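Protein sequence lines correspond, in order, to chains A and B. Per the numbering used here, the very first residue in the first sequence carries number 1; after that it's consecutive. Per the numbering used here, the very first residue in the second sequence carries number 1; after that it's consecutive.
Hints are not guaranteed to be accurate.
What the hints assert, rightly or not - Below, simulated DSSO-like cross-link-like pairs (lysine-lysine); rule was C-alpha separation at most 30 Å, straight line: (1) A:K5 / B:K170; (2) B:K139 / A:K303; (3) B:K171 / A:K5; (4) A:K273 / B:K99; (5) A:K24 / B:K36; (6) B:K140 / A:K370; (7) A:K275 / A:K22; (8) A:K237 / A:K22; (9) A:K162 / A:K237; (10) B:K139 / A:K370; (11) A:K353 / B:K139; (12) A:K5 / B:K99; (13) B:K86 / A:K22; (14) A:K303 / B:K140; (15) B:K139 / A:K281; (16) A:K299 / B:K36; (17) A:K22 / B:K99; (18) A:K112 / B:K99; (19) A:K281 / B:K140; (20) A:K35 / B:K99; (21) B:K171 / A:K281; (22) B:K99 / A:K230.
Everything labelled a hint here was simulated from the structure, so no lab data went into it. Model, not experiment: these values are computed from the prediction.
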Amino acid sequence: MISVKDYHNKSMEYTELAFIEKMKGNTDNASQYFKKALENELLAINAIESTEIIEPTYSVLLRSAATLALDCEQPRKAEQLIAKALANNPPDEIANELRDLYEQTNLKRHLKLRGISLEEDEMQMNLTGNSVGFGLVQSDEFLKRVDNASKMIYRIVERKRKKPFREKGRINKDLKDNYEIFVSVPRAASFSITLKVGVPNEQKSLPGFEDTSQIVDEFMDLISLVNTNKINELKDKINDNAYYRNFISLAKTIAPDGENIKQVGFTAIRNGKEKYSEITKPRNELPTPDYTDDKDTQKVKIKGSLKFADATHGESGVIKIIDENNKSHKVKVPEGMMNDIVKPMWDSIVIIKGIKKRNTIELIDIQEVK
Amino acid sequence: MIDLNELSSGLPAITPAFGSVLAEAGGICFESEGHKHGDKIRIRGDYKNSYKLLWPRITSQMLRCWNDPEVTTEHGAVGVAVLLAKKEIGYNVIERSRKGTGFDYWLGDDEANPFQNKARLEISGIRNMTDTQINTRVKKKLIQTNPSDGILPAYVIIVEFGNPLAEVRKK
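Given the sequences, and given the hints that come with them, work out the whole structure.
See below:
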């Protein structure tokens, strides 16, 4: 007779294989292994239920199976397994981990469209977190993310149109007219809206203009890459330092803070199926462009008031930060960050991270302090 | 000596294939911090020691494969921690279950049912941090596991690749 332990060990061996395949980028193989891992973990649970339910074995097996169910994109199954574990008598520690896992399960559920239909040039943007009620959200958490997601989309359009990075001024009118972004009325699914890229009529794209659905796809793919820290793939896709820096810096502005907002998700429909991308990591866990591990560089962190922004210095601008001791620090802003990232923080208290080079600091990250 | 190559032979709860993966990740973390074979890792906390380090040869193909620093650090720390657990605590990693972005590891002796009479091994990896930052991470990790006091015993191992050092604490 096959024991609980045998089934569980088999499940973990398949899970290891799934991890190895996932790392190699073989997602289909990884999915197959995760499915087999889940099947075996469920058999282990059946085996223990048919003999004697003992803790912590029972709840650990159920937590493991629920995590595997999420790996297999089966949130409903995960929910059932978590509920079963909590209904028994798990140790406090495992019970808390089960509750955390249940929150994760819910994050996936919020991304579902629930009857909303989307066109090819549309995507749903969904926010979840402590600042989000059912159909309600703190306005600044919502507005800044819509604004910055729109900026990210316009930058993709400009890059795809092979425009040099626009350090100042507004987007070209023709481009804006063709890729105008529209926002639907919000709906209660935690908090969701539809973003539509392109003019809402039957007019076909003009020759030479990217299909708006490709812009949506590119946006969602880049979001997934930034959330999984796939820096090399991001660089390959963006292939321009200013645009690359701009994308990551804007992604940080829409990233969750882990409390008020726990997830920023996007959903589109492709080939009749829902396609998801999400940012679940807080901004400080996302990659930082221009960050170097080189120990010889002098890294600095300064908190102060952003009092001076100058985009007139050729390709890159200069800002000044006045710290708490009224000392002024000159900070050089690299290409891609002045217009969309630094300027909106004018006159605010900010924390900057940079690399000190003689009398100047080269900016690598800036964050507004609330 | 902590020789990450040993992981390629597998452990009771780690297959040889996955052990090789953990060894690669650990090697990449050490090399990215400028360390060379034979450099020492300092052990502090409830156990005090130091060990010479060895890891598999890192190729450019491996570096391309491990392009997410966070995942690499997490797996690299697991590789170092499971070998340290055996040397310092005296127990093998005997079970694992799926949790979070990886696995939950358990130390102890082989028994009929999984997770019975086992201590959990909580592992955290950091590329490069100051002593103060490491202390903060240790405190946070110990607070996280507080609810299990007296129910599930646990060891915490925090691996920092910059110095390098590992803090080993028994809860």
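We went through each hint and held it up to the structure:
no.: 1; hint: A:K5 / B:K170; result: holds (27 Å)
no.: 2; hint: B:K139 / A:K303; result: holds (26 Å)
no.: 3; hint: B:K171 / A:K5; result: holds (27 Å)
no.: 4; hint: A:K273 / B:K99; result: holds (28 Å)
no.: 5; hint: A:K24 / B:K36; result: holds (26 Å)
no.: 6; hint: B:K140 / A:K370; result: holds (25 Å)
no.: 7; hint: A:K275 / A:K22; result: holds (18 Å)
no.: 8; hint: A:K237 / A:K22; result: holds (20 Å)
no.: 9; hint: A:K162 / A:K237; result: holds (13 Å)
no.: 10; hint: B:K139 / A:K370; result: holds (27 Å)
no.: 11; hint: A:K353 / B:K139; result: holds (26 Å)
no.: 12; hint: A:K5 / B:K99; result: holds (17 Å)
no.: 13; hint: B:K86 / A:K22; result: holds (29 Å)
no.: 14; hint: A:K303 / B:K140; result: holds (25 Å)
no.: 15; hint: B:K139 / A:K281; result: holds (22 Å)
no.: 16; hint: A:K299 / B:K36; result: holds (25 Å)
no.: 17; hint: A:K22 / B:K99; result: holds (16 Å)
no.: 18; hint: A:K112 / B:K99; result: holds (24 Å)
no.: 19; hint: A:K281 / B:K140; result: holds (19 Å)
no.: 20; hint: A:K35 / B:K99; result: holds (16 Å)
no.: 21; hint: B:K171 / A:K281; result: holds (29 Å)
no.: 22; hint: B:K99 / A:K230; result: holds (22 Å)
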